[in-house]
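Trainee: So the chains spell out like this:
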Amino acid sequence: QSVLTQPPSVSGAPGETVTISCAGSGSNIGANYDVHWYQQLPGAAPKLLIFADTNRPSGVPDRFSGSKSGASASLAIAGLQADDEADYYCQCHDTGLSGFVFGTGTKVTVL
Amino acid sequence: EVKLVESGGGLVKPGGSLRLSCVASGFRFSSDRMDWVRQAPGKGLEWVASISGGSTYRHHADSVQGRFTVSRDNAKNLFYLQMNDLRAEDTAVYYCARVKGAFYGMDVWGQGTTVIVSS
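So the sequence lines, in the order shown, correspond to chains A and B. Numbered per the numbering used here, the first sequence spans residues 38 to 148. Numbered per the numbering used here, the second sequence spans residues 292 to 410.
Mixed in with the good hints, there may be bad ones.
Claimed, not checked - Taking lysine-lysine pairs in the DSS-like style, the calculated list, with each CA pair at most 25 Å apart, reads:
1. A/K84 with B/K304
2. B/K391 with A/K84
3. B/K334 with A/K144
4. B/K304 with B/K334
5. A/K84 with B/K294
6. B/K304 with B/K391
Derived by calculation from the structure, the hints in this document are not laboratory data.
Go ahead and model the full structure; you've got the sequences and the hints to work with.
Mentor: Structure (structure tokens):
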């Protein structure tokens, strides 16, 4: 039962910027817990893309950026490329669950 | 190389049991929290359970509470998920993941092991 809401899909042409939203509540993002983002390519395990709202792990291109405001967070992908086609998930701790909660997931399509 | 490898998945009848294992290598296993995450066919990611480095803290999702138990053996770099009273809705790919701290998210993932619950 996801309590972080994402749009089911977003799309853009190569080179464009797309943004994925992640809407939470006062028990998770709004409680100022760190938000993380994952990329899942078809048939693969998820990969950490952004940690603690805005930080990129080593090796992740700076085309990917994260932000947070209030009870929501966003992931932006600039300079969209064909191999960015994947599912993207936000994640945050939730006090009600005593563990992590994932977003509903967003499929990014490159037109 | 930091690596996680799951095993133990398979086909099981409703009401049956399975134990998943995850072997860790390339890092100080006993220092890090470990989590299980699952993904039902065609669905999103669902957090299942977590255990702290010294096994002091264990948490399970409401959907598996009372049926699944997370544990670890730091001497063997092994992490487990005991699954009892399995239901059709537990059918999923199960991933183990390292959580160095809530600040860092799940930075290392295994390749996943598939559990199918069907009669």
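Trainee: Does each hint hold? Answer for all of them.
Mentor: Consistency of the hints with the structure:
1. Pair hint A/K84 plus B/K304 does not hold up; C-alpha atoms about 32 Å apart against a cutoff of 25 Å.
2. Restraint check: the Cα-Cα separation between B/K391 and A/K84 comes to about 15 Å, which is no more than 25 Å; the hinted pair holds.
3. For the suggested pair B/K334 and A/K144, the alpha carbons sit about 12 Å apart, so the restraint of at most 25 Å is met.
4. Distance restraint check for B/K304 and B/K334: the Cα-Cα separation of roughly 22 Å lies within the 25 Å cut-off, and the hinted pair is therefore satisfied.
5. Between A/K84 and B/K294 the alpha-carbon distance is near 13 Å, which keeps this suggested pair within the 25 Å criterion.
6. For the hint linking B/K304 to B/K391, the alpha-carbon distance of about 35 Å lies beyond 25 Å, and the restraint is violated.
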